[in-house]
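Student: As a plain string of letters, each chain reads:
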Amino acid sequence: MVLLEDSRATVTPSTPDGPDDEPRAVVTRLPTSDRVFRGVARVAGSAVLGIMLLVGLFLSVQAWPAVRKAGWGFLTTQDWDTEGNHFGVAGVLVGTILIALVAITIALPLAIGTALYISEYAPRRIAPLLVNLVDLMAAVPSVVYGIWGFFLLQPHLLVVGNQGEGLPRWLTTYFGWIPLLSVDEYQPRDPEASASRLTSSTFIAGIVVAMMVTPIIASVMREVFAQAPPGEREGAYALGATKWGMIRSVVLPFGRGGMIGATMLGLGRALGETIGVVLIISIGFVIQPHILQNGGGSISALIASRYQESTAIGVAALMGAGLVLFAMTLVVNLLAGVIISRSRSGASSEA
Amino acid sequence: MTTTIEPRTTLPERAADAGHEVRRSTGSTRKADLYVALGAAWGSLALTALLFTRLAPFDGTLGFVVLAFVFFVAFYGLLVGLDERGPTVRDRIAAVLVHGLAVLMLIALVVVVVFTVYRGLDALGHRNFYTQDMRDAGPLQPLSIGGIRHAILGTLEQISIALAVTVPLGVTAAVFLAELPGRFSRFVRTIVEAMTALPSVVAGLFVYSSVILLLNQAKDRLPEELRWLAVGKSGFAASLAISVMMLPIVIRAADVVIRLVPGTLREASLALGGSQWRTVWYVVLPTARSGLMTAIILGTARGIGETSPVLLTSGVTAYTNANPMREPQISLPLFVFNSVTRPDAGMISRGFGAAAVLMFLVLFLFAVARIIGGRPAGQLGRGQRRRRAGRSYRDAVRFAGRERARVTNRDDEVST
Chain A
1 MVLLEDSRAT VTPSTPDGPD DEPRAVVTRL PTSDRVFRGV ARVAGSAVLG
51 IMLLVGLFLS VQAWPAVRKA GWGFLTTQDW DTEGNHFGVA GVLVGTILIA
101 LVAITIALPL AIGTALYISE YAPRRIAPLL VNLVDLMAAV PSVVYGIWGF
151 FLLQPHLLVV GNQGEGLPRW LTTYFGWIPL LSVDEYQPRD PEASASRLTS
201 STFIAGIVVA MMVTPIIASV MREVFAQAPP GEREGAYALG ATKWGMIRSV
251 VLPFGRGGMI GATMLGLGRA LGETIGVVLI ISIGFVIQPH ILQNGGGSIS
301 ALIASRYQES TAIGVAALMG AGLVLFAMTL VVNLLAGVII SRSRSGASSE
351 A
Chain B
1 MTTTIEPRTT LPERAADAGH EVRRSTGSTR KADLYVALGA AWGSLALTAL
51 LFTRLAPFDG TLGFVVLAFV FFVAFYGLLV GLDERGPTVR DRIAAVLVHG
101 LAVLMLIALV VVVVFTVYRG LDALGHRNFY TQDMRDAGPL QPLSIGGIRH
151 AILGTLEQIS IALAVTVPLG VTAAVFLAEL PGRFSRFVRT IVEAMTALPS
201 VVAGLFVYSS VILLLNQAKD RLPEELRWLA VGKSGFAASL AISVMMLPIV
251 IRAADVVIRL VPGTLREASL ALGGSQWRTV WYVVLPTARS GLMTAIILGT
301 ARGIGETSPV LLTSGVTAYT NANPMREPQI SLPLFVFNSV TRPDAGMISR
351 GFGAAAVLMF LVLFLFAVAR IIGGRPAGQL GRGQRRRRAG RSYRDAVRFA
401 GRERARVTNR DDEVST
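Protein chains in written order, with this note's numbering: chain A, 1 to 351; chain B, 1 to 416.
I should point out that these hints are in silico values taken from the structure, not numbers from a laboratory.
Taking lysine-lysine pairs in the DSS-like style, the calculated list, with each CA pair at most 30 Å apart, reads:
1. A:K243 / B:K31
2. B:K233 / A:K69
3. B:K219 / B:K233
4. A:K69 / B:K219
Using the sequences and the hints, build the whole thing.
Tutor: Below, the structure written as structure tokens:
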């Protein structure tokens with residue numbers, strides 16, 4: 001502090017005869033090109049901001065009449081009768097969450113396995129190819145996964161034939177005592193039992209959505225795993241760790257934040273997935289907690305199947321549902337962003 | 001005192017002829033490992049087959065595969081455990097599980113692709129599938145009539161319009177976020193990141209209720225210049241929905257890529273006296289080129305394949321409509337969705353054919369992205385390396401010639 005107060009601490013050399021030196025005023029004069037560049041960039045930024053805010057505001061304003069009419073009942077009503085003023089998203093909201101949870105439960109081990117394989121086990125020569133394959137899988141249109149689920153997975157792998165042989169029947173036969181896995185009015189040991197109780201279920205829709213989100217999760221995780229510091233990897237090997245020991249003690253702890261973030265990113269996508277769910281599920285508006293049973297639904301499927309409602313209040317109600325969905329994905333994505341950026345993998349290149 | 005001086009180093013005695021050394025293999029797999037894996041695989045297959053055919057009332061392909069894999073892991077662990085200690089056994093089992101999951105993922109991808117192409121083969125084999133639209137093809141017409149020309153055209157037009165909106169705006173906005181940091185750009189970045197969470201169907205709903213419903217109601221009250229915006233269900237509305245969905249994705253990916261450009265490169269350019277604009281144009285953007293390309297192409301792939309925004313905005317038609325501003329204009333994903341929900345086999349075949357075409361389109365885009373932007377800046381291809389070597393050689397020749405000329409000049413001066 002002393003140095004700062006004493007103005008003589010630095011001695012400015014001055015010519016003996018001339019006037020004392022004065023500090024120059026530092027002015028940065030931007031060249032015209034820079035001023036134009038900054039102006040254009042600012043305008044683009046503001047335009048993007050404007051568009052995004054417009055979308056958010058428009059949705060809120062349009063949804064307002066319906067939300068005001070339904071009040072808090074919008075979140076608790078299990079019906080969609082916009083004419084009779086009795087509508088709410090409770091059923092589809094629960095359905096959305098259940099589908100997303102099923103999807104994440106299936107996608108998570110698959111994604112971890114794939115990411116670990118690419119970053120740790122795959123021969124160096126084919127690893128880039130596998131990275132491309134996973135990226136490609138993320139780019140496969142969702143409708144393709146949807147028709148795969150509807151025409152192959154459901155009739156040929158999961159609910160086969162009139163008896164509905166497959167994983168869902170097995171699960172409900174032996175684990176039906178868990179409320180989540182039970183199926184109403186279905187006797188698995190009854191030879192007359194119809195397979196249609198087991199089709200178009202939350203579980204099958206969840207598998208289809210899992211196929212869509214797995215590559216997204218795997219691709220983020222692979223990047224996180226690849227950034228585990230080589231020094232610590234070699235340290236683990238030098239201490240005699242096996243490859244799995246090294247992965248458990250270096251790669252996984254290092255990538256924990258990234259893994260959680262990637263999972264939540266996938267969860268965000270799973271919540272908003274539309275076409276796969278529309279193709280599989282026949283939508284219902286009552287809370288349907290049995291994931292193996294016919295029926296269920298999601299908010300996005302509700303919007304896709306009901307958007308042609310001509311009444312103003314019907315569209316407004318769909319807007320409200322869309323807003324609820326957006327709020328959910330927003331919270332999940334923001335949390336994911338915070339977690340990913342907190343993990344060490346987010347270091348910038350300036351450091 | 002006499003001290004004997006011991007020799008400081010002692011040479012080991014060598015046999016007269018040690019023979020040449022045999023190179024050791026440093027690979028970590030032994031033959032025994034292979035035998036153990038094969039044995040476990042055989043054993044598990046046999047036991048599962050026995051269970052399924054003789055002992056238990058099990059059936060189903062999926063169950064067979066799952067049970068066989070479980071037995072394989074158990075047998076493999078047991079066999080390895082005979083020779084090795086705990087950590088090694090765990091290591092081997094983990095390796096088997098990871099390999100199994102990766103293979104499962106690969107199988108899933110192959111099955112999705114092969115199944116779609118296989119079911120679409122009937123339709124894909126007809127040439128009229130690519131050159132006609134569906135105007136003459138009712139649901140019960142054979143596959144030799146009607147095609148997806150209208151959907152291909154629609155997809156290409158819609159994605160072109162969406163790209164024309166999102167690429168300039170998105171990349172400029174990303175440059176703004178990365179190059180002009182401040183409170184405002186931080187705010188914009190937060191909003192953009194929030195909007196990446198926007199579900200695609202909500203983007204479609206937004207355009208549906210704003211452009212299609214609201215503007216059409218207010219069409220007569222609009223000023224003359226804005227009336228073109230009230231387009232109804234059309235290709236333009238669909239591309240607006242795709243743009244709203246793609247814009248945050250492109251901006252976010254491009255922003256990440258631009259921020260990865262090393263700060264030292266920027267500083268070097270500024271230190272050489274370059275203005276900020278020149279730094280961005282000649283240093284930052286070329287360095288980030290491959291990443292930017294990837295960001296755009298991945299956004300495009302997403303935009304092309306997403307059905308839900310198009311479902312709400314473009315409308316369904318059987319006619320070829322080249323004008324995106326008027327009348328419905330169908331696109332590939334919507335065509336797929338629309339045909340596979342019909343009950344008749346012909347339409348379902350056409351749907352699968354269109355899905356295969358859509359997938360090939362995405363694959364093609366992917367390949368283009370890898371070719372154009374495949375290498376990060378600074379890593380050169382073979383041709384580029386050869387040209388650089390050529391330039392370097394010519395420079396060397398030129399320098400040598402100049403040096404020779406200088407030396408002879410000096411000699412001339414000395415001699416005079």
